[in-house]
Amino acid sequence: MSRRHLPPRRALPAALAVLAVLTGTAAAAPAPTPPATAASPSVTALDDTYYQDATGKTGAALKSALHTIISDQSKLTYSQVWDALKDTDEDPANSSNVIELYTGRSEPKSDNGGNPGQWNREHVWAKSHGDFGTATGPGTDIHHLRPSDVQVNSTRGNKDFDNGGTELSAAPGNYTDGDSFEPRDAVKGDVARMILYMAVRYEGDDAFPDLEPNDSVSNGSSPHIGRLSVLKAWSEQDPPDTFEKRRNDVIYEDYQHNRNPFVDHPEWVEAIW
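Quick note on the working numbering: the sequence shown kicks off at 23 and runs consecutively.
Warning: the hint list may mix true and false statements.
Said to hold, decoys possible - Ranges between beta-carbon positions, derived for each pair: (1) A229 <-> H279: 34 to 44 Å; (2) A255 <-> K97: 31 to 41 Å; (3) S176 <-> D94: 33 to 43 Å; (4) A255 <-> A82: 19 to 29 Å; (5) H279 <-> S176: 29 to 39 Å; (6) S176 <-> T90: 32 to 42 Å; (7) D70 <-> D228: 23 to 33 Å; (8) P194 <-> G226: 16 to 26 Å.
Stated by the list, open to error - No farther apart than 27 Å at their CA atoms in a straight line, the calculated lysine-lysine pairs in the DSSO-like style are these: (9) K149 <-> K267; (10) K97 <-> K267; (11) K108 <-> K149; (12) K267 <-> K254; (13) K131 <-> K254; (14) K149 <-> K254; (15) K267 <-> K79; (16) K131 <-> K149; (17) K79 <-> K108; (18) K131 <-> K97; (19) K149 <-> K97; (20) K131 <-> K267; (21) K108 <-> K97; (22) K108 <-> K267.
What the hints contain is simulated information worked out from the structure, not anything from laboratory work. C-beta: ideal position from N, C-alpha, C; glycine also.
Given these sequences and hints, build the entire structure.
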């Protein structure tokens with residue numbers, strides 16, 4: 023976005039300061055700049071360290087390099103995922119709550135489970151697509167696990183992702199039909215980058231299936247999810263925001279110690295696919 027270049031305004035503050043002294047009511051000094059909170063690693067620093075073996079590459083070479091980098095991770099049990107999500111998806115406005123992926127609602131961290139009205143663990147890469155279930159590995163990888171309303175999670179089921187369908191009354195902005203699900207606009211990019219992370223992380227070389235996106239919406243139990251062309255468009259349409267970036271940092275620093283490279287470098291989506 024362009025900025026307007028305003029003329030210098032040095033004379034006015036100086037005149038006001040003189041006036042304040044003459045009247046004996048000097049204006050209060052400007053508030054000091056608040057100290058910076060713990061900053062996330064800058065992309066430049068990550069490129070020089072974490073991503074150093076991937077920078078400058080494209081296509082299959084980039085995908086292979088990223089696979090090697092992000093495969094170095096700690097793993098959680100499915101039970102540990104509950105507590106991890108309470109941290110990764112914490113509501114920035116209410117530390118007692120989490121933000122649900124599809125509804126966008128803020129719900130109490132303690133209200134997790136399998137009953138209507140509660141939130142549970144949504145596998146964005148549906149666990150039946152590759153039949154990995156909740157096994158430690160892809161089934162517990164919190165880069166693609168998010169809090170989700172129980173009923174909305176059930177509606178999404180194991181459908182592929184695509185545009186269109188009927189809007190969900192329980193989650194306005196989300197749509198579904200017989201073979202696909204469209205998330206709300208604010209998380210379309212999040213969904214795309216989670217799917218593409220899984221495709222890079224799980225390449226069939228660690229006893230788990232080789233997960234790959236394709237342009238289909240009828241993948242069944244095969245280790246594929248679509249629609250790739252739509253996911254790419256979503257990633258461009260909805261770039262990483264503060265919430266998604268913080269989530270990536272928390273997973274890296276406190277839990278799995280690996281990153282979703284497409285949050286740090288959204289342009290790598292097009293560079294690979």
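Hints, verified against the model:
1. A229 <-> H279: 34 to 44 Å: At 20 Å between Cβs, range violated.
2. A255 <-> K97: 31 to 41 Å: 32 Å, holds
3. S176 <-> D94: 33 to 43 Å: For D94 against S176, whose Cβ atoms are near 35 Å apart, the range 33 to 43 Å holds.
4. A255 <-> A82: 19 to 29 Å: 22 Å, holds
5. H279 <-> S176: 29 to 39 Å: 32 Å, holds
6. S176 <-> T90: 32 to 42 Å: At roughly 37 Å between Cβ atoms, T90 and S176 fall inside 32 to 42 Å, so the hint holds.
7. D70 <-> D228: 23 to 33 Å: Since the Cβ atoms of D70 and D228 sit about 28 Å apart, the hinted range of 23 to 33 Å holds.
8. P194 <-> G226: 16 to 26 Å: Between P194 and G226, where Cβ atoms are some 39 Å apart, the hint is violated.
9. K149 <-> K267: 24 Å, holds
10. K97 <-> K267: Holds. K97 to K267 sits at ~20 Å (cutoff 27 Å).
11. K108 <-> K149: 21 Å, holds
12. K267 <-> K254: 18 Å, holds
13. K131 <-> K254: 32 Å, violated
14. K149 <-> K254: 21 Å, holds
15. K267 <-> K79: 23 Å, holds
16. K131 <-> K149: The given pair, whose Cα atoms are some 23 Å apart, holds under the 27 Å limit.
17. K79 <-> K108: Answer violated: K79 to K108 is near 36 Å, above 27 Å.
18. K131 <-> K97: 22 Å, holds
19. K149 <-> K97: 17 Å, holds
20. K131 <-> K267: Satisfied, since the Cα-Cα distance of roughly 20 Å is no more than 27 Å.
21. K108 <-> K97: OK: K108 and K97 at ~17 Å, within 27 Å.
22. K108 <-> K267: Given that 27 Å is the threshold and the Cα spacing comes to 16 Å, the pair holds.
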